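J.: FYI, the numbering for the sequence shown is 197 to 511, going by this note's numbering.
Bear in mind the hints are in silico, worked out from the structure with no lab data behind them.
What you are looking at is a predicted structure, and each value in this text was computed from that prediction instead of being measured.
Some hints could be false.
[As the list claims (entries may be wrong)] Pairwise CB distance ranges (calculated): (1) L353 <-> Q448: 35 to 41 angstroms; (2) S403 <-> L353: 31 to 37 angstroms; (3) D301 <-> S401: 23 to 29 angstroms.
[Said to hold, decoys possible] For lysine-lysine, the following PhoX-like pairs were computed, each having C-alpha atoms within a straight-line distance of at most 20 angstroms: (4) K493 <-> K423; (5) K467 <-> K493; (6) K434 <-> K467; (7) K350 <-> K284; (8) K414 <-> K467; (9) K457 <-> K467.
All C-beta atoms, glycine included, are put in the ideal place defined by N, C-alpha and C.
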Amino acid sequence: MSVHIFRYSVDILSANARRRLAGLTVSLVAIAQVAGINPNEIQEDTEAAQPQALDWPERQFPDPSEIRNGINPGEMFQFRGQWGIFRKVGQITISTEVANEERPDLLLVRTLAKTTGFIRALFPLMLEGRTLFQSRDGRIIENRVTDTSRSNEKDALTRFDFDSGLMSHVDSLRPERNQERSFPYPAPMDYASAILQIRGWDLASESRYPLFISSSGKFYLIEMESKGVETISTQFGKMEAFRVEPVSAYPQSRIFREGGKMAIWISNDEKRIPLRLDVNTSIGTASMKLEAYTLNKESIAASQTSASLRTDKDG
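Could you build the full structure based on these sequences and the hints that come with them?
T.: Printed below as a string of structure tokens:
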């Protein structure tokens, strides 16, 4: 899908913390700035250029046919962005739909992220990511990110040409960031698509899977590993979930942080729902917590589940 927040009162934040906070405010895509995670860009390092020539290690990516169940048309996941004592600083929604009726393997992955409440008055954000995902080959072919808020206006388009092996990144508002470069692996993903794709992995085996992330013209190779099953508190009650963490990142990622500083929880059932995502930062833990979702045309909200649980308890 920086995914993708406020331990101290905004009134006592230092000037530097305010700037970082603005940069972190949205998934999940995966993956939003309002939760410290923007699924389409790493805000903290967009100013730094990534070397064109990096020594990328050899990696074998899984057969797309074995993991395609992670991203399906007609699904929606709505998250609440949280940071410390501030329980709702934003809303992040990742949804999927068929992009072309004549090509059912081509899906549109949409990410909508916005700040809410009094945080919106301080740091207005209205970000949209639109990604074309080719399920047959398990890769994105195009990603566009726009932000209409005055403080962070953005319009950038990234395209992958798999015949030439070149990525083209065009930033219409900051042309100095435009670039064309070769990509080292055949299965690029944005943050939101990556978060959804994890649902299709064999998480019970506790094996490792690679992710090749494309973000604002930069590339990251992330090794993810299932750390087993935990029982976590969610908006839908206590649930068993697989904890999935990055175990290596090349080059260093501000979102997929190693050493237990980032984790994604996927429900341990046939639905494989992305329940929560945490990123530990120097100024608090940024979280995305699921509060509503749609699967197989069935929409579930946390409020409905809570009412059902109360009814069962009363009965």
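J.: Decide, hint by hint, whether the structure agrees.
T.: Comparing the hints with the structure gives:
Between L353 and Q448, the C-beta spacing of about 26 angstroms breaks the proposed range 35 to 41 angstroms. As the Cβ distance of S403 to L353 is approximately 35 angstroms, the hint placing it in 31 to 37 angstroms holds. For D301 paired with S401, a C-beta distance near 26 angstroms keeps the hint of 23 to 29 angstroms intact. Between K493 and K423 the alpha-carbon distance is near 31 angstroms, which puts this suggested pair outside the 20 angstroms criterion.
As the CA atoms of K467 and K493 are separated by approximately 13 angstroms, the hinted pair is consistent with the 20 angstroms bound. For the hint pairing K434 with K467, the CA-to-CA distance comes to about 16 angstroms; that is within 20 angstroms, so the pair holds. Distance check on the hinted pair: K350 and K284 sit about 24 angstroms apart at the alpha-carbon level, beyond 20 angstroms; violated. Pair hint K414 plus K467 does not hold up; C-alpha atoms about 32 angstroms apart against a cutoff of 20 angstroms.
Restraint check: the Cα-Cα separation between K457 and K467 comes to about 26 angstroms, which exceeds 20 angstroms; the hinted pair is violated.
Hints 1, 4, 7, 8, 9, counting from the list given before, are not met by this structure.
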